[in-house]
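Visitor: Read off the chains here:
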Amino acid sequence: MVDRVLIVGGLKVNFYTYAGVVKALDGIDIDLRPNETHGLVGETGCGKSVTVHSLIKLIPMPPGKIEGGRALLHAPVTCRTCRGKGCPECGGSGTLDTCEACGGATKCVKCRGFGRYKDGKSCRTCGASGLCASCGGSGSRYLDLLALSAKQMREIRGGSISMILQEPMSALNPVLTVAEQVGEAFYYHQRAALVHGTLAALDRALKDIETSRKSRWRRPILRWYRFLYRRMERDPESRLLQSLRRVPVVRRYHRWLAREMRAQSLDALNMVRIPSPEKVLDSYPHELSGGMMQRVVISIALASHPRVLIADEPTTALDVTIQSQILRLMADLKGQLGTAIIFITHDLAVIAQVCDRVSVMYAGTIAESAPTLPIFREPLHPYTRGLVRAIPGPHEDVQRLPEIAGSVPNLVTPPSGCRFHPRCPFAKAVCKEEKPLLLEARPSHRVACHMYGPYAEQWTDADRLLPQEVVTR
Amino acid sequence: MQPRIREAKFGLNRMKQNPLSIVGLAITLGFVVIALAAPLLAPSPCGRPEVVSCNPNDPFVMPNYGYETEPLPPSADHPFGTTPGRPGRYDIYYGVVWGTRNAFRVGIVVVGLALLIGILLGLVAGYYGGILDEIIMRIVDVFLTFPSLILAIAIVAAFGQNLGNIMIAVAIVWWPSYVRLVRGDVLAAREEGYVQSVRALGASDARIMVRHILPNAVYPILILASMDIGSVVLVVAALSFLGLGVGSNYADWGGLVNFTRDLIVGQAGGDPLAYWYTYVYPGLFIFLFVLGWNLLGDALRDVLDPRVRRR
Amino acid sequence: MTDDAIFRVENLKVHFPILGGVLRRPIGWVQAVDGVSFAIHRGETLGVVGESGCGKTTIGRALLRLVDARVGSIWYTPRGKDGGSPTPIALSKLPRRQVRALRSKIQIIFQDPSSSLDPRMLVKNAVAEPIRIHKMTALRCTRCERLVPIHRERPGATCEACGGPTESVRLKGADLEARVVELLQRVGLNPEHLFRFPHEFSGGQKQRIAITRALVIKPEFLVLDEPTSALDVSVQAQILNLLKDLQKEYGLTYLFISHHLAVVRHMADRIAVMYLGKFIEVAGKAAFFANPLHPYAKGLLEAVPIPDPERRRELHLMTGEVPSPIEPPLGCRFHPRCPVALPHCGWEGRDLARALEEASQAEGSPIAGAIEEMDSDGFALRIRMKGDPEASARALEAFLEGEKARGRALFQAVASVASEEGELVVRFLKALEPELKEVEPGHAVACYLY
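Note that the protein sequences, when read in sequence, are chains A, B and C.
Per my numbering, the first sequence starts with residue 1, numbered consecutively.
Per my numbering, the second sequence starts with residue 474, numbered consecutively.
Per my numbering, the third sequence starts with residue 785, numbered consecutively.
One or more of the hints may lead you astray.
[As the list claims (entries may be wrong)] Listed next, the in silico DSS-like pairs over lysine-lysine satisfying Cα-Cα at most 30 Å (straight line): (1) B:LYS482 x A:LYS118; (2) B:LYS482 x C:LYS908; (3) A:LYS65 x B:LYS482; (4) A:LYS23 x B:LYS489.
Don't read these hints as lab results, they were simulated from the structure.
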């Protein structure tokens, strides 16, 4: 099992607008582990959506521009020699999973693992760490999302990485039925499986004709279809077959595939626990309620069995009872399909309920990143502390909710050094000058704050830890 | 007010991004200059020996240089040549310069009048809805069933051929389309949150309509209206060309082209383009005027359309 | 009645017509608010909780006469002038013009601050507008020309700065601006914000501007319609604290509408839970959260995620979605989704139709293929048989008996099964809607469990 499904390092994104250059993201690091639900929390405008949109290049590129950083997606390929069945080449697993750059050695190719060149300058490729930049030092095969061509990125979107958005009503096309939209997801990302199923259906039909001896006139037609589908199996993107879809009469061959698409769509709807899926398949989006629409959107996103599911505030627009149903659904499906989820929200309570790890974002930077329990019990970063204390819980009474003074900074002129320093009750001079790096303060608990970094002596222990009274809930 | 200046600068910047809008602005400004400077560019030549008849009080009446029907080609005396009026001989240069001022007058008055009626009725129809809306829209429908040019012709023919009647006629033909547009925008604005808020504050209907809905709904109309100034001038020119314009010696572009009806294909047996200057110059002015306003309207839409604004 | 109820509502019903057909006649009614009675006491905050579509927003609007009630009455008792005895006003029957005059006393803050402010109006004008509309006056010191702050205005007050006598003046010009600045600063904004447009502010700041605009005319009652739902958690804390402070300083009464239970807990003194247009539970805050009685309220409370990862609960899921308010369920409106529904809670034809449809689609169902068509008619269900009518009818009856024996409330509620005109007609006991009954002092519930 590989260590990390998605590695994002030093992602920098700027927007060049009339009002100035908006430094939206200033070095984002995210680690996504297999099968985990990773929460991305922050206020409006902190850059959560920009982060995930940049990963799949959905930000408008003028005025946006990805200035730097890397986004690596774990992408083992099927071994070409055995086509996934297992052979000595791939070690029996059917997949090739070695980093192309370092060949599994995990050492940076440029500096040979030393972190610096012969003349003493630190290696720019690996950032002086010595680890291979293309695989983050894991030795596995990763795909650099930022370096993909438009065509490759189109395959990734909806394929290896799927996204669901906040408003299910806007995510679905109002003039197409649910069947058409879910089927489309299968058509684009699961064509091999569809063709396989169609061929099976055709074989069954042919066998039926043999045994029952009825409608023997259909045999040549079905054989012709089988020929076409075998062709499609070998070459799923076949231009010839696609152009045949435009020829009247001949294009009837597609109906078999459409039937298979419908069967798969039905299964997908059942998987997301939609009642009366047959009826829903033939409905239009506006005939469904918000919760149902969001389930349909989830089924479309999961149709391709993606490695990463990005959920951008999926339940913010839903009622709290429906929200709990959807969250439960996502948790179950994650286990079934082995997908890792990036869950974006500004609601800390939801994070507490569903996430394994949390990254807290502030003004384009990651402030803290840790498993869920430490974030709530021991929030290290002052911003996280403020957030955790400002939540009204339904199960206790507080006279006044503690506030964080000030407001989110303008990203055209962000504060120097640590972007939170103007609002931080613990800020010192160094906070204004130097930007704190995201460092590991406790095992698996990273913070970007000088109180826990190389300048830690400037603060006392009393500043750092949260007093126990708020922790007891 | 600082913020309004900032808004204006933002708007101008957006305009700069589209070269065509600069062209439109330049053309229209050019015409404004011509119209304002008409007395300087084409001073009244009354009193000069070659002028046969002239009206010193109304510069829009073109001075008559004689009764010969032969048009004179451009020369030092007549930079754009002369055109044979009925009767008389008129200086084309004088005609187009004062015609510019006339065009602005006609365009602004007609569009202004139509806007006034259109906005008023549209506001009321859209805001109150119900029976009032139905009545107003049916009246609009009646007006729209008439072909506009024919209606204008009928009114002018019935009430007499003077500038005032022409402007009224065209305005009558023009306002129905504004009502529809305003009503649509008012219907949308009526449901906006701030209208509900202000109603909850106790504002009267009139206040809501004038202070809140109108400023937010009026911009599409203004864009259309600016383009319509050009169209109105075209319609009036067409009326004049058909002989239903103002008197034959009035400085009106359409009127000038009217004189040339027989000359467009030249004299019998002669060079068809012999008298090109008689229709090219007035035609050119009409064309550029309408073009300028259209481009300006496009530019204004880029600037004012709230959907396009990056706010 | 000499209690200090500022509002008294009796049997309020607000129905919105659905127009259809050629002549645009009402063919149905959206029963947004369907018979609600309550009282709000001066100085308290009444919280109304419910999911979207339950009608809570409509109640707020009805109190302001932004929508008109179809049935029912609203009594409003303004604060007596100069300590005189107040008289209730029949708000629901007041003509429009007089309602406008009252608007200076009753105000509303909407959910989305971005759309509640006119985008083309400067902040200064937006806040000053109510003053202009109602021609407000203020007390101004005759000596130093300063205005008495709005919450300390009393007849005969003396200037705080110099002790001089005060006179009442119409707020205009510089005085107007001074009052606007005074209030903007009270909510945490600066004087230079006067000359900006709404879109230059953040969500929290816009909401503050909206609050200022409502406060500037000295209201005594404020409807807060989900004021922080569109804002982030940290900004929400600021706004809620501000609202609490303002309530104390200015002596306001609030109707706080929200779908967020935690927020309502923080703000409200009493809580009313709404479902499909009716109050199903009303209680004091402590009583409610300690012991919610109605199954819906319990489910709502359990569905709210707790911001504590150690108390992850098995989210107890309420099945199904909120039904449409056009034709709400008969009997107790919550019965189709209620996990503890009893046979007399109001089971009807529609519920049976749904259950039969699900059952017939299940694998190996004994009634698969037995039903051709079903037609629900209030408390009865007519089933047309497919195939052999005798066999199908028997299969259905057996199924019904079987489910009844298994203890499912829906089937236990069957009153009679009869064959009429070749159809099987299943009839249920007619049930009424449960009334809001006081179970404990100050804690009322509308449920047959009690």
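Visitor: Look at each hint and say if it fits the structure.
Guide: Structure-based check of each hint:
1. B:LYS482 x A:LYS118: This hinted pair is violated, its Cα atoms lying about 55 Å apart.
2. B:LYS482 x C:LYS908: holds, 22 Å
3. A:LYS65 x B:LYS482: Status holds; Cα separation ~26 Å.
4. A:LYS23 x B:LYS489: Holds: LYS23 of chain A and LYS489 of chain B sit about 26 Å apart, inside 30 Å.
In terms of the numbered hints stated before, the structure departs from hint 1 and from no other.
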